[in-house]
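On the provided structure of chain A, position chain B as indicated by the hints.
First to last, the protein sequences are chains A and B. Position 47 of the first sequence, counted from 1, bears residue number 47 in my numbering, the numbering being contiguous throughout. Position 6 of the second sequence, counted from 1, bears residue number 6 in my numbering, the numbering being contiguous throughout.
Note that these hints are calculated values from the structure, not bench results. Please read these numbers as outputs of a predicted model, since none were measured by experiment. Any given hint might turn out to be false.
Unchecked claim - Derived CB-CB ranges, DEER-like: (1) A:37 x B:221: 18 to 28 Å; (2) B:207 x A:204: 14 to 24 Å; (3) B:153 x A:179: 12 to 22 Å; (4) A:130 x B:148: 27 to 37 Å.
Stated by the list, open to error - In silico lysine to aspartate or glutamate, DMTMM-like type, Cα no more than 20 Å apart, as pairs: (5) A:125 x A:151; (6) A:135 x B:48; (7) B:221 x A:93.
Every residue, glycine too, gets a C-beta built ideally from N, C-alpha and C.
Number of protein chains: 2
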Amino acid sequence: MNETSNEAKAPSQRTVIRRYSWLAKYDRDTINSILDTALVCQIAYVVDGQPFVTPTNFWRIDNYVHWHGSAASRMLRAQEKGIPVCFSVTHMDGIVIARSAFNHNINFRSVMAFGEAQVLGEQEKRAALKGFVDKLMLGLWEHARQPTEKEWSATKVIRLALDEVSAKVRTGPPIDDDEDYALDSWAGVIPLRTITEEVQPDPRLRAGIETPAFVTNFRWKG
Amino acid sequence: MNETSNEAKAPSQRTVIRRYSWLAKYDRDTINSILDTALVCQIAYVVDGQPFVTPTNFWRIDNYVHWHGSAASRMLRAQEKGIPVCFSVTHMDGIVIARSAFNHNINFRSVMAFGEAQVLGEQEKRAALKGFVDKLMLGLWEHARQPTEKEWSATKVIRLALDEVSAKVRTGPPIDDDEDYALDSWAGVIPLRTITEEVQPDPRLRAGIETPAFVTNFRWKG
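Okay, chain A solo, but in the shape it has when bound (with noise of 0.2 Å):
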């Protein structure tokens, strides 16, 4: 993956780069399925001209994505007076060898949004965190302590409304020229994955606690 390969675009300026054009697919349901495999977002906004990225936890309710922080934070300061921001998320899932140094590439899946940041309302807050929390892994809400007022009020939750999105999606064996398929290199894929590792109980955990079903059962699904 370059640049190229998964150019930034505003809003009014998409323009078709040739060498990656079957790269950008707009359906609804790849996008969708890019985002809900993916825990961390990246959030870019402009403070003062200064451009700013922040890697976050997100979710995706319906049209929407979501994320959430300090109500002390400057980040969810900034975004809450609604001011443009570019969400992206990526998925690396190989690395792709080809038989020629200008040809290597990887193979990933990315979506990119821009539009305003909203900041949700008290009711609207705690639904989307409680979604956020058992979308994580079902039961897990139920399972800790509910938050305290103190704790409702240091937090929020901002959203994007997924109107401006596109996603990009690079598959498959690399795409050597044509005279480069008579060359005596090896080409192909080294696929990636994320997986889950063996649960670690915390050390403080009082005796006699068993593992729950939902975390003994959780697998990433990245």
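Okay, now just chain B, sitting in the frame of chain A:
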């Protein structure tokens, strides 16, 4: 991880947020190890007031991170003017399940850097790209057909000095409120790891070409 734990800060505006102040680690060894085990970064920049964030491959040489792309790329054309960028890398290492919903967290390692990107000259560019390919897999540069002059001229390399740079790391079990340790709730960490799966030779690979050892032996180090 929420944005409190990984707050974007302008170079001159670093403030400590009490709850996560222990996350900030600025030593260079920590920063380099996070960078050197990552393949994808996020570059944020601003064009006409609109923020963009682009995922792209990167690599570190000494005190610089580098990324490459098409000479026709909108991102690179913007960045070669020396506009401010925000560079970010994130590894997600685990899901941290606490005894209270408010204290769920993510184990992660991240780096953020600010500065103005510079376009490399022709000879520096060629050395940097060779360095990138061999950093990814030692032997890969010599393996493939070398770039033609036309291919070289279609490629640019941008670099950013790691002068305004910081790292944040969260590891270990959940940190619950004192009184919550008496609850009956399970707590612990589900570690996540990116692995290399079985190599997939190109279906168009010519008969008799063996997979080279530097491919067979490759293991993801993220």
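| message | Let me make sure I understand: some of the numbered hints might not hold for this structure. Which ones are they, in numerical order? | response | 2, 4, 6
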